Structures are given as C-alpha cells and as structure tokens.
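Go by the hints and put chain B onto chain A.
Number of protein chains: 2
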Amino acid sequence: KEQLDSGVVLFLGNTESPVNYPANPYPFRQDSTFLYFWGLDIANAAALIDLDENLELMFLPDPGPDEIIWSGPGPTPDSLAASSGARPAGSFEQLHSLMDRAMRQNRRVHFLPQYRPENILRIASLLNISWEQINEKASLDLIRTVVSLRSIKDVQEVQEIEKALEITRAMHVRAMDLSQPGLTERDLVGAMFAIASSMGAPNMAFPPILTTQGQILHNPHHGNELQSGDLVINDSGAEAPSHYAADITRTFPVSGRFSQQQREIYAIVLRAVEKGIEAVRPGLAYRDIHFDVSRELVEGLSSLGLMKGDTESAVSAGAHALFFPCGLGHMLGLDAHDMEDLGEAHVGYTQDIQRSPQFGANRLRLAKELHPGYVLTVEPGLYFNPLLIDRWEAQGKCREFIDYRALDRYRQFGGVRIEEDVLVEEEGSRVLGKPLATSISDVEELTSERRERP
Amino acid sequence: KEQLDSGVVLFLGNTESPVNYPANPYPFRQDSTFLYFWGLDIANAAALIDLDENLELMFLPDPGPDEIIWSGPGPTPDSLAASSGARPAGSFEQLHSLMDRAMRQNRRVHFLPQYRPENILRIASLLNISWEQINEKASLDLIRTVVSLRSIKDVQEVQEIEKALEITRAMHVRAMDLSQPGLTERDLVGAMFAIASSMGAPNMAFPPILTTQGQILHNPHHGNELQSGDLVINDSGAEAPSHYAADITRTFPVSGRFSQQQREIYAIVLRAVEKGIEAVRPGLAYRDIHFDVSRELVEGLSSLGLMKGDTESAVSAGAHALFFPCGLGHMLGLDAHDMEDLGEAHVGYTQDIQRSPQFGANRLRLAKELHPGYVLTVEPGLYFNPLLIDRWEAQGKCREFIDYRALDRYRQFGGVRIEEDVLVEEEGSRVLGKPLATSISDVEELTSERRERP
Chain A
727 KEQLDSGVVL FLGNTESPVN YPANPYPFRQ DSTFLYFWGL DIANAAALID
777 LDENLELMFL PDPGPDEIIW SGPGPTPDSL AASSGARPAG SFEQLHSLMD
827 RAMRQNRRVH FLPQYRPENI LRIASLLNIS WEQINEKASL DLIRTVVSLR
877 SIKDVQEVQE IEKALEITRA MHVRAMDLSQ PGLTERDLVG AMFAIASSMG
927 APNMAFPPIL TTQGQILHNP HHGNELQSGD LVINDSGAEA PSHYAADITR
977 TFPVSGRFSQ QQREIYAIVL RAVEKGIEAV RPGLAYRDIH FDVSRELVEG
1027 LSSLGLMKGD TESAVSAGAH ALFFPCGLGH MLGLDAHDME DLGEAHVGYT
1077 QDIQRSPQFG ANRLRLAKEL HPGYVLTVEP GLYFNPLLID RWEAQGKCRE
1127 FIDYRALDRY RQFGGVRIEE DVLVEEEGSR VLGKPLATSI SDVEELTSER
1177 RERP
Chain B
727 KEQLDSGVVL FLGNTESPVN YPANPYPFRQ DSTFLYFWGL DIANAAALID
777 LDENLELMFL PDPGPDEIIW SGPGPTPDSL AASSGARPAG SFEQLHSLMD
827 RAMRQNRRVH FLPQYRPENI LRIASLLNIS WEQINEKASL DLIRTVVSLR
877 SIKDVQEVQE IEKALEITRA MHVRAMDLSQ PGLTERDLVG AMFAIASSMG
927 APNMAFPPIL TTQGQILHNP HHGNELQSGD LVINDSGAEA PSHYAADITR
977 TFPVSGRFSQ QQREIYAIVL RAVEKGIEAV RPGLAYRDIH FDVSRELVEG
1027 LSSLGLMKGD TESAVSAGAH ALFFPCGLGH MLGLDAHDME DLGEAHVGYT
1077 QDIQRSPQFG ANRLRLAKEL HPGYVLTVEP GLYFNPLLID RWEAQGKCRE
1127 FIDYRALDRY RQFGGVRIEE DVLVEEEGSR VLGKPLATSI SDVEELTSER
1177 RERP
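These protein sequences, in sequence, are chains A and B. Using this note's numbering, the first residue of the first sequence is number 727, and each one after it goes up by one. Using this note's numbering, the first residue of the second sequence is number 727, and each one after it goes up by one.
With the rest of the complex left out, here is chain A:
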C-alpha cells in the first residue's frame, strides 16, 4: 500500500484447470502472488485492496449444499477470509458489482499480468475490456511493487524453501540409491514421486528432468533404460506444503563409478558451481557471476584441449555457449522460476542491466545486482549436443576457440549439471538445505552404496 498511489488493486486466485473435461482438473495450484499476500490455498478466490479507503476485501466461492457429499466439509468463507486478514465480501458476483462501481468512478484498477487464460477471461469480464488487451494493461507499478516484496525472502520463507529442500534431498538420495543398469528413468522418477508423496509433498515444483540424455537441457522424457556407463542428470525439486520450491541438480553414474572422461568433465562443472556460489554476495550483478563461471568452464575445457585461445576473448565471442547454451540461474521462491509470470525482465533485469542478445547469455534469467534476501539457483553445466556441435561446425562458428576434432570423442558424452539453491546474505551467501553429495567420491559412494548391501 505504501508503494502504490491510489485506486484499487485486484488479485485473482487461480481456478481449477481441466485436463480433458471440466470435472477432471489438474492438481490445484494457487497463484503464487495470491498465496504470498493472502495465504488462501483454494480455487476461485479473489481479493481487492482499496488504496484510498485502506480496505482489504476477500471474495470466495460459496461451497454450495453438495460440498459435504462430494468433497467434504471445509472452513466457511468467513473463517477463510479472516485467516487471510481481509474482510469477507461475498462471492465473485459482489466483486463484479464493486468493480462496476470503480469503473464508473474512473478509478485506477491495478492488476498483474495473467498466465492462465481463465483469469484473462475473468479480468476481461470484470473490467469489460477485450481479453487481448489484458496483459498490456497490467499495472507496471503493481508488478514492480510485488517483485520488490517477493524478491526479498524473510526467515520464514527461507525455512519453507529449506523444507522443500529436505524433501528434495530425500528424492535425490533415493534416485541415486536406486540407480542401476536395467532400470528405466521412469523407475527413478516414480520412486521420487513416492517419497515426496510420503513426506506430504506430492506436487513437484516443476516436471522432474531425470535423463541419461543430459545434453538436452529440459529433457521431458523418462523412457530410457539406464545402462552401465551412462550419466544421469537429475534436476528436480519438491514443492513444500506451503508451495515454496526447491530446485537442485545432481549428476551421477548409473554404474556407481565415473569413467575417466566423465570424471574430468564433472570436475570442471564442480569447480564452476563452487566458484559461482563463492561469488554470490550483495552488490554484485548476477550477470557478472554468469560470465565468471563461463570463464571457469572455458579454462577447464581448454585444459582438456576442447577449447583454445584466450579465455576472455572466447567468452566475449560466446564460444562457451556451445557447451553451456543457457544461463547460470534464476530466482527461487514460491515458483521455481520465481515470479516469472510477472515478466522475466522485471525480475531479473533493470533499466541498467538489459538482456544480452548473444546465444546462451540471452537465456540468462537473472542478471541484475544481488541483494540480501534473494534466493537463487547456481547451475552451471557442460553439455555435448551432437546436433548443436554439427550445426556450429558447419557454420564454422568460433573455430578459433573450439577444437571440433577433439570433440569427436565427446559426441555421446551427454551432459553434466550441478545446481544448488543459494541465499544472498548481508555478507556473502549460504547454500540452503542440508549438504548433498557433490564431490566425485561422495556421489560414487551414494550411487554404489546399494550394491554393497546384503
């Protein structure tokens, strides 16, 4: 309220999202900003702040007489509203007439950009404007206010992220423990779901990436059989019951032992993630850390003869992006990519730090200066994508920095990624959650442990 002038601020909670017919919805997920301000984890809610009257109103669906038969009795709308800190103000119809009045009085209505078409249509109907215009009419002041508040995590929020990390850690340990040739990726994914469900967190913060084809960054498939000699990238995170997210990545050998080649690439990525974490502190731009880590990766690849020439020039030319065609990390909070629905430019960039057009760096989600209370991921990787290598080589791209011949031995390598969740503190930073194996020997111990049991 302090950051906004006048008018009314409209917050829409999420509705149910149908899978293949209306009565079969996906698992309900509340809008994160709605959760942040109002804490109500139910469908079809809406809230309003009247800045001029200093009033908060909550609009909730009427459960109807059949609720006790189909979904069981829940708290009353009044008690829900009370727990949100707002005044109960009826249902969506009441909101409709209130908005009608606000429009007649020509009051400013602040609302956020919408990612669910249900809510685009609800706002279109509430404000009587065309649905095509909703997102361009979203309030920039409100976006900036929400980003400024949600970006700084308080102690309770950090605790919630660490709860998500505790579940996530158990998922990762289970996947490593279970891994053996002959199983499929799906076996490991299913086991992770089971353990998360048992721990009270059946919903993932994002679809797990668990793949032996790690060179594909967001590989959504889980159909491969695990074979001796394969590396598995496991990039997955649970959502705590409060809906705060975790997001970590480990890379481990199916057979419990890294090969010499895997060991060399893994060691480079491990040094890179350590360097990245060490660099995180207030006042530094995350874009600079991204490029620091990129230089570290280039140094490592040069030591293996895969890259050559001056490191600084190679990174300036974007040569590292053949192996690291993405950004170093992103904000983390109630969303895995925190607040990305409000616009990545508002979350990760400022007027002064604009997005790079360069391949790779153009996918960097967080570039701006860091502040205490930010939680972000540090997730460098090295990926050997034969299709991308062929494309670059055919174009003769960055020939002065890349030894394409030496790359022949790595075409089937796959990829390595290591990711941690890091809190920016007053001085420096802290890796969140209990430690989970990253060193070569610790990872080998976790993955081979099982085979030593009776």
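Simulated from the structure, these hints should not be mistaken for lab results. As the structure is a computational prediction, the values presented were derived from the model and not from experiment. Certain hints may be false.
Which copy is meant is left open, because identical chains are indistinguishable; a pair holds if it fits in one copy or across any two.
Taking lysine to any residue pairs in the SDA-like style, the calculated list, with each CA pair at most 25 Å apart, reads [claimed, not checked]:
no., residue 1, residue 2
1, K1123, E793
2, K1001, S1029
3, K863, A850
4, K1123, P791
5, K1123, P799
6, K1001, P907
7, K1160, E1170
8, K727, S874
9, K1123, I794
10, K1123, R1081
11, K1123, G798
Same frame as chain A, but now just chain B:
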C-alpha cells in the same frame, strides 16, 4: 464425413496448460477427440476436414531452431502429419487464413464445445466471434457424430482399456499389500504413482481417491493416517500410454480383517455390483439398472434394520440416496468420464430418457439404452455421511423408509464402493481386465498377506 452434410470441421488439439508461470506447464494431455481422430499426442496442433472437398488438413507448430537444445529433436511436422493420415498444411497462421476464407464464403464451420479456455480463445480468434458465444455455437451435428463414433469401442480400444487396467490392477494390489496401521493415505498413493510410472504410465486417468473417509465421494485429500479398524476406499485408475483410461474401486480393511459391521455392509455392496454387472446387456437402459441396483441396496439395508417399508416405494421416494447419493456409473474410454467435455446429456441421455430431478439420480451420468461396444463403469456404494444424515433427519426426510435411530451405530462407518469396468457385448457383457479380489476372503488375503511374510 458420412454423418455430416457440408462445410468444414475444425479440431483443436490441446495447448500446454501453465501451473504457475508459462514455462512450467502441467503434464501435457492431448484432447481426447483429437487423439481419437488424428492420433497426434503433441501440443498446439489443429486439424480440419473440408467436407465438400473431401480433404483432411493438419496444422502443426514449427519446432524452431532451439528445440534441439531444450527438448531434443522430434519428428518433423511433415512426418507427424503423415502419421495422422492428413495432409500437412503449415502452422496455425495457415489455418487462420484458411478459416478467414471459409468465413468470407459463408461456409458452415463445425466445432466441438471447448473445456480449455486456451481453445475457447483460439476459436474466438479463428472465427472472429466473441469468446462468450463459442460453446453455444458448437455444432450439435458434430457432437452427435463424435459421440456416436467414440461410444462404440472396437477391439483395439478395448485392448487399450485393458492395458490401463493391467497397470491399475498393479496399483490396487500394491496399495492393499502396503496397507498397515501407521502409514498415511499419501504413502499408498505415492506407491501407486511409483508403480504406474515404472509401468510406463505416469499419468492417472483422474486424481486418485484413496481415503479412510469414504463417505465423501470424491475425497481429494490424502492426509489421514491409516488406523486399525479403518476401511480404505481406493478409487483410482491409470491412463495407458495411448491415454485410454481405467477406473476401478476396491474397499479394504487397513488391518487385513473386516469387522462384523463392515462385513455386512460390504456384502450388500458386493451383491449390488454383481447384480449390476449381470444386468448389463444391449437393449436395456442403464437408468433401469441404476434403479435395480438401488433396490438391491435397499433390500440389504432393510435386512440390517437401517431401512424399512416397501423397497419399490423407498426407491421411488429416493430414500436410498441418503446412502447412495450418486449414479451407478458412466461411460469409459479415452476419458474416465468418456466424452463428458461434449456434454453429459449427449453422452448419457437421449430425447426419450431425460435426467431425473431426484437427489442422487440427478447425478447419474449414463441413463440411456446400452449398445454393444459401450464400455461403462458399475460402481454402487453405501456411504454413511453424518452431516447428510443429520440434514435429512432434521428435515424429517423419508422417515417412513429410514430408521434414523438404527443409523447411530453407523455414523463413523465411512463408506464402501466397489467398481468394475464392463464391456457391453452382443449378448450380455464382460468385466474388463484380469480379475482383482472383490470377495471378502480374497480382499482379506491381499491386505493381510504382507503381514505373514518374514
């Protein structure tokens, strides 16, 4: 094409559905009718039949140059179109100009009712009509045509449902096997997800209902601890990789032994489901079977002294609906409630057989005459919902048929449901899938087996 006159028929596949920001979608689920006619399981596809030109066209998204980095190389749009049997006709922009032309020529455009707001907006924009009008402008001829085709399952479709049932059977066996006091509902649900994922079917046909509070019909919560003496209702079904659904229910005692009271209620429901299955045959209206089974339930409850008076009159008055406030079953196919997105009235009812206004029977999803090739669920249950009992008793409802005093001993009973998936054959019917314990002794064996192991 034979059933429709002229014009063009527009089929929209589903888009990705965002959870909390656009880059974080729910697991993709293709529209069932799109799958049925075109077989393409990818997002953002659309197809068109030109009835007058006898032409099928497929519109597919351009994967873009970054696909090989983020999601891996897939089949080309041309090969996808070829596998669908349609001619590749470009992307959504090409569809747009084709539809513009069709509109200028005043041609009839058939489309189905839409349940995803993304597709409501896509059609609104393609046909330049207001989104509020889309569903009222859906083609009744097309709805009837699609329902007539999809209602009759051929041999391959039945096989796919039986594949879903094989996975579902494993899920149910696992839940019964695992069940013991001290675990939570979530532990069993997680284990079911894990086994389905291992078997290549990570997506359920609907959110599993697994609850000790079975009196709540669609109880979505899994937070209860299993306690000795509790009954668990497990109403869950996998979706085969082809997306055909299964949907079965078993009720079992946490502790491996039914109590005397549980045994008596269970036996009534078991007789009811057997009677329902036996009655399924071509030519009979499913509404009549619903009422047959309702009478069976009333007979059973009367034998226990919970109901009284004339059975026929009790069912006519709707007295049974205190214990069975829903319908006997629904169509099953690519959807758990097959084709429900097209309108339950078109799938389950006809001009001659209209929906009953009576409490309970008004929730019957399938009422019309059965034909060979229909697959449907038979799922009677008995539920003791204290809130509903109190409401009825306070209203003095059906006092001549219900002994409210005798019900006191059943207030904490919960519920029992047994559900099978049944194919209507030329003569009679067949329960689909391999048998899974329904008798009291078989269920007790499955649930107590585990405790006899070393």
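Evaluation of the provided hints:
| no. | hint | verdict |
| --- | --- | --- |
| 1 | K1123 to E793 | between (63 Å within a copy, 19 Å between copies) |
| 2 | K1001 to S1029 | within (17 Å within a copy, 76 Å between copies) |
| 3 | K863 to A850 | both (11 Å within a copy, 20 Å between copies) |
| 4 | K1123 to P791 | between (67 Å within a copy, 16 Å between copies) |
| 5 | K1123 to P799 | between (64 Å within a copy, 21 Å between copies) |
| 6 | K1001 to P907 | neither (33 Å within a copy, 49 Å between copies) |
| 7 | K1160 to E1170 | within (18 Å within a copy, 43 Å between copies) |
| 8 | K727 to S874 | within (13 Å within a copy, 57 Å between copies) |
| 9 | K1123 to I794 | between (65 Å within a copy, 17 Å between copies) |
| 10 | K1123 to R1081 | within (22 Å within a copy, 68 Å between copies) |
| 11 | K1123 to G798 | between (62 Å within a copy, 21 Å between copies) |
Checked against the numbered hints above, the structure violates only hint 6.
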